[in-house]
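Sequence order for the protein chains is A and B.
Take the first sequence: its letter number 183 is residue 183 in this note's numbering, and every next letter is one higher.
Just add 450 to the spot in the second sequence (first one is 1) and you have this note's numbering.
Source of the hints: derived by calculation from the structure; they are not laboratory data.
Careful, some of the hints might be misleading.
Claimed, not checked - Per label pair, the in silico range of CB-to-CB distance:
#: 1; chain 1: B; residue 1: 879; chain 2: A; residue 2: 24; range: 43 to 49 Å
#: 2; chain 1: B; residue 1: 876; chain 2: A; residue 2: 199; range: 55 to 61 Å
#: 3; chain 1: A; residue 1: 57; chain 2: B; residue 2: 542; range: 41 to 47 Å
#: 4; chain 1: B; residue 1: 574; chain 2: A; residue 2: 432; range: 39 to 45 Å
#: 5; chain 1: B; residue 1: 879; chain 2: A; residue 2: 74; range: 33 to 39 Å
#: 6; chain 1: B; residue 1: 650; chain 2: A; residue 2: 363; range: 56 to 62 Å
#: 7; chain 1: A; residue 1: 24; chain 2: B; residue 2: 877; range: 51 to 57 Å
Claimed, not checked - Taking lysine to aspartate or glutamate pairs in the EDC-like style, the calculated list, with each CA pair at most 16 Å apart, reads:
#: 8; chain 1: B; residue 1: 700; chain 2: A; residue 2: 9
#: 9; chain 1: B; residue 1: 454; chain 2: A; residue 2: 403
#: 10; chain 1: A; residue 1: 4; chain 2: A; residue 2: 256
#: 11; chain 1: B; residue 1: 454; chain 2: B; residue 2: 521
#: 12; chain 1: B; residue 1: 769; chain 2: B; residue 2: 475
#: 13; chain 1: B; residue 1: 847; chain 2: B; residue 2: 542
#: 14; chain 1: A; residue 1: 4; chain 2: B; residue 2: 624
#: 15; chain 1: A; residue 1: 128; chain 2: A; residue 2: 9
#: 16; chain 1: B; residue 1: 700; chain 2: B; residue 2: 882
#: 17; chain 1: A; residue 1: 4; chain 2: B; residue 2: 459
#: 18; chain 1: A; residue 1: 4; chain 2: B; residue 2: 521
#: 19; chain 1: A; residue 1: 364; chain 2: A; residue 2: 393
#: 20; chain 1: A; residue 1: 397; chain 2: A; residue 2: 92
#: 21; chain 1: A; residue 1: 4; chain 2: A; residue 2: 88
#: 22; chain 1: B; residue 1: 454; chain 2: A; residue 2: 71
#: 23; chain 1: B; residue 1: 814; chain 2: B; residue 2: 853
#: 24; chain 1: A; residue 1: 250; chain 2: B; residue 2: 703
#: 25; chain 1: B; residue 1: 578; chain 2: B; residue 2: 671
#: 26; chain 1: B; residue 1: 454; chain 2: B; residue 2: 703
#: 27; chain 1: A; residue 1: 449; chain 2: A; residue 2: 11
#: 28; chain 1: B; residue 1: 454; chain 2: A; residue 2: 253
#: 29; chain 1: B; residue 1: 814; chain 2: B; residue 2: 882
#: 30; chain 1: A; residue 1: 279; chain 2: A; residue 2: 256
#: 31; chain 1: A; residue 1: 279; chain 2: A; residue 2: 356
#: 32; chain 1: B; residue 1: 539; chain 2: A; residue 2: 253
#: 33; chain 1: B; residue 1: 729; chain 2: B; residue 2: 521
#: 34; chain 1: A; residue 1: 89; chain 2: B; residue 2: 521
#: 35; chain 1: B; residue 1: 539; chain 2: B; residue 2: 843
#: 36; chain 1: B; residue 1: 849; chain 2: B; residue 2: 706
#: 37; chain 1: A; residue 1: 128; chain 2: A; residue 2: 153
Claimed, not checked - Computed from the model, here is a short list of chain A residues facing chain B with C-beta under 10 Å:
#: 38; residue: 2
#: 39; residue: 86
#: 40; residue: 108
Glycine residues also receive a C-beta, built at the ideal position from the N, C-alpha and C atoms.
2 protein chains.
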Amino acid sequence: METKIVLSELEMPQAWYNIAADLPEPPPPVLHPETGQPLGPADLAPLFPMALIMQLVSPERYIPIPEPVFDIYRLWRPTPLYRAHRLEKVLDTPAKIYYKYEGTSPAGSHKPNTAIAQAYYCQQEGVKRITTETGAGQWGSALSLACNYFGLECKVYMVKVSYHQKPYRRSLMEIWGAQVVASPSEDTNAGRAALKANPNALGSLGLAISEAVEDCVQREDTKYLLGSVLDFVLLHQTIIGQEAMTQMSKTADFPDVVIGCVGGGSNFAGLIFPFLGEKLRGGRSARFVAVEPEACPSMTRGIYAFDYGDTAGMAPIAKMHTLGHTFEPPGIHAGGLRYHGMAPLVSHLYNLGLIEATAVHQTKVFESALTFARSEGIVPAPESAHAIAAAIDEANKAKESGEARTILFNLSGHGHFDLGAYDAYLRGQLEDYAYPEDKVKEALTHLPKV
Amino acid sequence: METKIVLSELEMPQAWYNIAADLPEPPPPVLHPETGQPLGPADLAPLFPMALIMQLVSPERYIPIPEPVFDIYRLWRPTPLYRAHRLEKVLDTPAKIYYKYEGTSPAGSHKPNTAIAQAYYCQQEGVKRITTETGAGQWGSALSLACNYFGLECKVYMVKVSYHQKPYRRSLMEIWGAQVVASPSEDTNAGRAALKANPNALGSLGLAISEAVEDCVQREDTKYLLGSVLDFVLLHQTIIGQEAMTQMSKTADFPDVVIGCVGGGSNFAGLIFPFLGEKLRGGRSARFVAVEPEACPSMTRGIYAFDYGDTAGMAPIAKMHTLGHTFEPPGIHAGGLRYHGMAPLVSHLYNLGLIEATAVHQTKVFESALTFARSEGIVPAPESAHAIAAAIDEANKAKESGEARTILFNLSGHGHFDLGAYDAYLRGQLEDYAYPEDKVKEALTHLPKV
């Protein structure tokens, strides 16, 4: 009975899968933050390289992966797909549990799948310098790695709560040559304003985005790159799901349910889109479950509305499930999921009823993480452990009903830089945050008028 | 041009390679610490399970890997062999550089290769509880993982300097259910004596061994397990070299030089023994280079003599390259290499002139680690980076002489739990320690009389 299903480099997908080609209807347009009018490629040119902008509007089902990107992918891809025999045994479930493990990249998560691609396109178009934001540090370290491969300068605005919770994530970025500052910082107007309003602000992904964007537009040689939310980010992550489909085809199973955690939505989308695409084309069918924190539940509690992608209202406006762009999520130990909104494409699918969503409290997340680490061995990132919690729920339901079912989830990264959070959990120091209903209600009064 | 050479589970070796079968002459006997007489199996029974003791005396060239051990190996094995294309380019060398990467195990190093085997044999023989020591925490976390898989209690004496430098290693062990104390501790006579002599003692591997052994012999249900030095540990690690040989055979190359870092000697032995065995049997030939810290240079500066394996003189006496069992190495940021001696089997080979040794200062080690991380991506453990430093030296020599040569080294683990040390290096806070000649001279006056 196989433990892990590995692919050779020859079996690695040569193209990303573009779900736009299979959608029953297109998502609503993205709007300019100042004019409220639909965005065109020219509007995005100050931020992104043209190759990425063209990917946003491409109707092609498959977009070839450039050879230099593929060459770097090969350092850790294809990633393994595991059958969780030991977890199944501990849960005493009739369910079969599979997980795709993206923690084998040098940065320890799925994030390099898009970071490498984005840095490559920037280098091709003569860009010298990159700004970005990072929450838990997963994206910042992935982009630092990518910029290092392609000889680009990199400045990372790191959400302050994570900057202090995860000093080693900062060291990691510096090892790969990046400059890292805590956000809110003194380096931008957005940062200075936030510090003036509250010198002890924990920061948020939204605000860090504002800082990185502001820094970018000041300089001709600089582009701004983003690790989640945008369609092209989701596109680059589809290598995960495509590999997983090939790997599942080497077993006798096909998933009944496919699960991923969601912050901005990219690892979830990366795993499910190829499966969902097959379903949309009339092929095999599965359920798709997005898992978010109870403390920041944009899908299960937010509204589907036009909102800014960032806190300061400089980023484009998109229709998405949102808690309001001014909402500052509690300091849960899963910084990568502390985002007020959800990827427009994921939101669109949710609105169409094609995917489900659920929310989990952090102590349950860490309990699930420990169950996993003590059965499968790998110590998961707290973000990824949200998916584990939901997978365990599905396995328990299968046990209750006595039904066999096949569960597939994305283990999007390892928790080697999150051991401080585990330590807090093991010492009983982690609390669950109630859903901050009043703060969200207030934040939702600040949605842009469109 | 392939980046990594991966094997399927079917290609994984089914047996460990026992170099004893191919040695030109056997190593000197191991002696009882009290009587000075050669040790027999009965003497070791209080410490080790009988299956491991029998492996120490086996004349068989291949010893089958038990199925439950093999099943756990499959969670991360076979590990990849990389061609370091990017490092070669940065060094502008005609040399071909390959590395075997053992950091894909859940504990992040090669150590689980033997931890899993040792825990399995203990469980088979009815043992309930394990004690051990750990330096950098690599071994302690590997054994915690292994004990967790087999339902054994685990108590880890962690060298104090590492306990404080690497708190997350402690968390990792606790995630897998182990109990961890700083050594010297108040839990044993050896620990209390050391604290009385010097309340600020940094600890050492030797002393931590004394504590773990003392704890073990107090209780019937407890065995003591060791992560390096002993012949059976080296045996279990030979899966590394066997896989590497199969992987090299899939390229057009064969190594001219094979390199590994040495603390106790196990990852070095694990990689080189299968290659050396072929050479000893009249097959293909290579050079073998062991790399140690300048601050703890047992091979390049120590003497070849009978000495205790531990600080307190409770462990067996073996002929080895040693700096004296009472020598306390400086607090370099490669805790796994802070051991006063060298594996008797590795020492024997060195004495026979079959292998070479070299020593490196820690700033050069971290400089090499950074060069590696910025070319290949993976952030190496400081211990493993000793091997990188020597590999870079070999590549530079190839460049100077204009000769092609093939270099293979063991990247025995990742540095995800060593980022504090990287941080110190990046901020210019790391110093090199001069070889502590006087302290060694003094320690060598305490060798046992045999």
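Status of each hint after checking the structure:
no.: 1; hint: B:879 / A:24: 43 to 49 Å; verdict: 59 Å, violated
no.: 2; hint: B:876 / A:199: 55 to 61 Å; verdict: 28 Å, violated
no.: 3; hint: A:57 / B:542: 41 to 47 Å; verdict: 42 Å, holds
no.: 4; hint: B:574 / A:432: 39 to 45 Å; verdict: 42 Å, holds
no.: 5; hint: B:879 / A:74: 33 to 39 Å; verdict: 36 Å, holds
no.: 6; hint: B:650 / A:363: 56 to 62 Å; verdict: 38 Å, violated
no.: 7; hint: A:24 / B:877: 51 to 57 Å; verdict: 55 Å, holds
no.: 8; hint: B:700 / A:9; verdict: 14 Å, holds
no.: 9; hint: B:454 / A:403; verdict: 41 Å, violated
no.: 10; hint: A:4 / A:256; verdict: 19 Å, violated
no.: 11; hint: B:454 / B:521; verdict: 23 Å, violated
no.: 12; hint: B:769 / B:475; verdict: 14 Å, holds
no.: 13; hint: B:847 / B:542; verdict: 11 Å, holds
no.: 14; hint: A:4 / B:624; verdict: 26 Å, violated
no.: 15; hint: A:128 / A:9; verdict: 31 Å, violated
no.: 16; hint: B:700 / B:882; verdict: 41 Å, violated
no.: 17; hint: A:4 / B:459; verdict: 9 Å, holds
no.: 18; hint: A:4 / B:521; verdict: 11 Å, holds
no.: 19; hint: A:364 / A:393; verdict: 11 Å, holds
no.: 20; hint: A:397 / A:92; verdict: 11 Å, holds
no.: 21; hint: A:4 / A:88; verdict: 14 Å, holds
no.: 22; hint: B:454 / A:71; verdict: 11 Å, holds
no.: 23; hint: B:814 / B:853; verdict: 24 Å, violated
no.: 24; hint: A:250 / B:703; verdict: 32 Å, violated
no.: 25; hint: B:578 / B:671; verdict: 6 Å, holds
no.: 26; hint: B:454 / B:703; verdict: 14 Å, holds
no.: 27; hint: A:449 / A:11; verdict: 48 Å, violated
no.: 28; hint: B:454 / A:253; verdict: 29 Å, violated
no.: 29; hint: B:814 / B:882; verdict: 9 Å, holds
no.: 30; hint: A:279 / A:256; verdict: 12 Å, holds
no.: 31; hint: A:279 / A:356; verdict: 15 Å, holds
no.: 32; hint: B:539 / A:253; verdict: 43 Å, violated
no.: 33; hint: B:729 / B:521; verdict: 31 Å, violated
no.: 34; hint: A:89 / B:521; verdict: 15 Å, holds
no.: 35; hint: B:539 / B:843; verdict: 15 Å, holds
no.: 36; hint: B:849 / B:706; verdict: 15 Å, holds
no.: 37; hint: A:128 / A:153; verdict: 6 Å, holds
no.: 38; hint: 2; verdict: 7 Å, holds
no.: 39; hint: 86; verdict: 8 Å, holds
no.: 40; hint: 108; verdict: 7 Å, holds
Violation of the numbered hints given earlier is confined to hints 1, 2, 6, 9, 10, 11, 14, 15, 16, 23, 24, 27, 28, 32, 33; the remaining hints are satisfied by the structure.
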